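Fit chain to chain and form the complex, with the hints in mind.
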Amino acid sequence: QKEVEQNSGPLSVPEGAIASLNCTYSDRGSQSFFWYRQYSGKSPELIMFIYSNGDKEDGRFTAQLNKASQYVSLLIRDSQPSDSATYLCAVRLNSGYSTLTFGKGTMLLVSP
Amino acid sequence: DTEVTQTPKHLVMGMTNKKSLKCEQHMGHRAMYWYKQKAKKPPELMFVYSYEKLSINESVPSRFSPECPNSSLLNLHLHALQPEDSALYLCASSVGRGNLETQYFGPGTRLLVL
Chain F
1 QKEVEQNSGP
11 LSVPEGAIAS
21 LNCTYSDRGS
31 QSFFWYRQYS
41 GKSPELIMFI
51 YSNGDKEDGR
61 FTAQLNKASQ
71 YVSLLIRDSQ
81 PSDSATYLCA
91 VRLNSGYSTL
101 TFGKGTMLLV
111 SP
Chain B
1 DTEVTQTPKH
11 LVMGMTNKKS
21 LKCEQHMGHR
31 AMYWYKQKAK
41 KPPELMFVYS
51 YEKLSINESV
61 PSRFSPECPN
71 SSLLNLHLHA
81 LQPEDSALYL
91 CASSVGRGNL
101 ETQYFGPGTR
111 LLVL
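If you're matching them up, the sequences are chains F and B in order.
Quick note on numbering: the numbering used here labels position 53 of the first sequence as 53, and the sequence is numbered without any gaps.
Quick note on numbering: the numbering used here labels position 21 of the second sequence as 21, and the sequence is numbered without any gaps.
Isolated chain B (complex conformation) (with noise of 0.2 angstroms):
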């Protein structure tokens, strides 16, 4: 099983609001990440974490704040966000170890910030 869940599918939001991207998944995998998809672009890589321990941050704003509050669950806080932010969000998570090590995503929340 190599499911990852995304919630919600869609989302819209103004510049001056609060809002959550919600991704699960019960595989037992390790490492989960942030990707931000621009339209015919490929994923950008936002955040990484491994152990529920954030690994990486690409630089990413501050308004785009991770939180891994257990091993099965990735938020990503959303705030204050301007209009080029709107893309689709992936979550990702991986399986295996070393060559084998797989990242699967989950279908995505489209972003659209007005």
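Next up, chain F with everything else stripped away, as it sits in the complex (with noise of 0.2 angstroms):
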């Protein structure tokens, strides 16, 4: 059963501060991870991806992956009440058109 877990949340930060989203994964087979953010009634929207071990920027958003340890994290630095939204952390398995196994997300308070 290949899973992807994350913490449900709600996680809440305080406006300006660094909010950190977890997200492990059972099979060492996957090789493209994706982070989605959705706000409440809205579909998904693409906020990284990351296929390489260590860290990639953009921005105010920083994904961090660790195939040894299988673990993807993604950092929001400088929060804004906008960000508050469920985030969805995404594994795909191989490359080609291969689905994507999707965590239950991370709910996200960034509180004025």
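Worth double-checking, as some hints may not be accurate.
Chain B stretches covered by chain F per the calculated footprint, using a threshold of three residues with CB under 8 angstroms from any CB of chain F [said to hold, decoys possible]:
hint: 1; segment: 41–47
hint: 2; segment: 89–102
Computed cross-link-like contacts, DSS-like style, restricted to lysine-lysine with a CA-CA straight-line distance of at most 30 angstroms [said to hold, decoys possible]:
hint: 3; chain 1: F; residue 1: 104; chain 2: B; residue 2: 38
hint: 4; chain 1: B; residue 1: 38; chain 2: B; residue 2: 53
hint: 5; chain 1: B; residue 1: 38; chain 2: B; residue 2: 9
hint: 6; chain 1: F; residue 1: 67; chain 2: B; residue 2: 9
hint: 7; chain 1: F; residue 1: 2; chain 2: B; residue 2: 38
hint: 8; chain 1: B; residue 1: 38; chain 2: F; residue 2: 42
hint: 9; chain 1: B; residue 1: 41; chain 2: F; residue 2: 56
hint: 10; chain 1: F; residue 1: 2; chain 2: B; residue 2: 18
hint: 11; chain 1: B; residue 1: 9; chain 2: F; residue 2: 104
hint: 12; chain 1: B; residue 1: 18; chain 2: B; residue 2: 41
hint: 13; chain 1: F; residue 1: 104; chain 2: F; residue 2: 2
Quick look at which bits of chain F chain B covers, simulated, 3 or more residues with Cβ under 8 angstroms [said to hold, decoys possible]:
hint: 14; segment: 27–35
hint: 15; segment: 43–52
hint: 16; segment: 102–110
Everything labelled a hint here was simulated from the structure, so no lab data went into it.
The model shown is predicted, which means the values in this text are computed figures rather than measured ones.
Just so you know, even glycine gets a beta-carbon here, dropped at the ideal spot from N, CA and C.
Following this line, the structure appears as structure tokens:
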């Protein structure tokens, strides 16, 4: 059973703080890792993806991947109330048109 | 451009109705997907089309019938649905190859079955 685990939260952080969202996965064959943001009642929006060990930065967002520990995280610097949403971690096993396995999502609440 | 469009945005149907959901992308993406998402749950894969051919059917009941008329369009035909089928139905398409392949979601159709 391929599993992707996330803490459901809510994770509460004050405005301006760093929010750290974590995700673990069970299948060592996983190749690519994605973070989607989903506002209530809306569809998931791709924030970042990563496939190599290490960090990948895009603006206020940093994705971190550690394949040895089967761990991927998303850091949000200078958190804003508009970042309040559910963050879905998704993992793809193989390259090609293979499917994504989603975690259950972590709800992030950023208070002003 | 990563836009995937879906119509309608909202749909209310009775259990004896037949309706269709439509998804469209003009980005040349070769794979398209239907997902179902219930409240506070992650998206659940229903179907995958690759090069306009159905490649994955995740044991979805036959009251859901997908169709891919061409490389830009994906339909989901609905018939004799149950109230528990009420959910957000998401279409996605993917771009790129190998580790760079990424999926982009449309805005979804919120379906209510009475």
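Any hints from earlier that this structure breaks? Give me their numbers in increasing order, please. Checked against the structure, the hints that fail are numbers 6, 10, while the rest are satisfied.
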